[in-house]
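Protein sequence lines, in the order shown, are assigned to chains D and Z.
The first sequence begins at 1 in the working numbering and counts up one residue at a time.
The second sequence begins at 111 in the working numbering and counts up one residue at a time.
Listing some non-contacts, in silico: residues in chain D with all C-beta distances to chain Z over 12 Å:
id, residue
1, K13
2, E17
3, D26
4, D28
5, V52
6, E62
7, E69
8, E79
9, N84
10, Q85
11, V109
12, V110
Pairs of lysine-lysine residues, derived as DSS-like cross-links and limited to a Cα-Cα distance of at most 27 Å, are as follows:
id, chain 1, residue 1, chain 2, residue 2
13, Z, K146, Z, K218
14, Z, K206, Z, K180
15, Z, K206, D, K70
16, D, K55, Z, K206
17, D, K13, D, K57
18, D, K53, D, K71
19, Z, K206, D, K53
20, Z, K206, D, K71
21, D, K57, Z, K180
22, Z, K146, D, K57
23, D, K57, Z, K206
24, D, K55, D, K18
25, D, K3, Z, K206
26, D, K3, Z, K146
Computed beta-carbon distance windows for the label pairs:
id, chain 1, residue 1, chain 2, residue 2, range
27, D, S7, Z, L155, 22 to 28 Å
28, D, S80, Z, S130, 41 to 47 Å
29, Z, Y160, D, E62, 31 to 37 Å
Quick caveat, the hints were computed from the structure, so don't treat them as lab data.
Bear in mind the structure is a predicted one, so any value in this text is a computation, not a measurement.
C-beta atoms are modelled at their ideal positions from N, C-alpha and C, and glycine is treated no differently.
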Amino acid sequence: DVKVTQSSRYLVKRTGEKVFLECVQDMDHENMFWYRQDPGLGLRLIYFSYDVKMKEKGDIPEGYSVSREKKERFSLILESASTNQTSMYLCASLSNYGYTFGSGTRLTVV
Amino acid sequence: GQQLNQSPQSMFIQEGEDVSMNCTSSSIFNTWLWYKQDPGEGPVLLIALYKAGELTSNGRLTAQFGITRKDSFLNISASIPSDVGIYFCAGPAGRKLIFGQGTELSVKP
Chain D
1 DVKVTQSSRY LVKRTGEKVF LECVQDMDHE NMFWYRQDPG LGLRLIYFSY DVKMKEKGDI
61 PEGYSVSREK KERFSLILES ASTNQTSMYL CASLSNYGYT FGSGTRLTVV
Chain Z
111 GQQLNQSPQS MFIQEGEDVS MNCTSSSIFN TWLWYKQDPG EGPVLLIALY KAGELTSNGR
171 LTAQFGITRK DSFLNISASI PSDVGIYFCA GPAGRKLIFG QGTELSVKP
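Pulled out of the complex, with its shape left as it was, chain D reads as follows (with noise of 0.2 Å):
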């Protein structure tokens, strides 16, 4: 089975720190995505990478960057987190049987 995992469960962080929010997985995927679930809205992707060192934006990408230095991890950096960016994160990679979610990161910007 596909393992997506991501390094934190529960964040706590305070209003203009930079934050990293790790994902990684373990079959060789291609494509991965960030997104983020908030009550109401649904998941909204926020940037995806079909390859090392290759992104692009989502629908939200604003005040999100994203690194993918090797294929098995993809990092979700808040340059300076601010309150609005209080969430739930889900990270996902897609193979030719769909998407893999990992189980989240609910992320508190105090």
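Knowing the structure of chain D, use the given hints to seat chain Z on it.
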């Protein structure tokens, strides 16, 4: 951009009842997907639909791909407490997956 409108946003039902939720789009999709998210976990694929008019079942779950390709329905029969969670419809747009707003289901024993 493409958007998916999912309804209802939440449902509170008694164990044993049937459940129905739907998803509509302003544009055509060639694939419809239904996911379930258990509390504290990421979404997991329940059913995939690839053909207009297709009706597909997975146990007590039945989903249909609308003939217009702009809508899809998910039905759950004889609900049980472990059906609790958030259900999402989704459709592919290139490499991306677009999601509906989700239907949060609560089941009272």
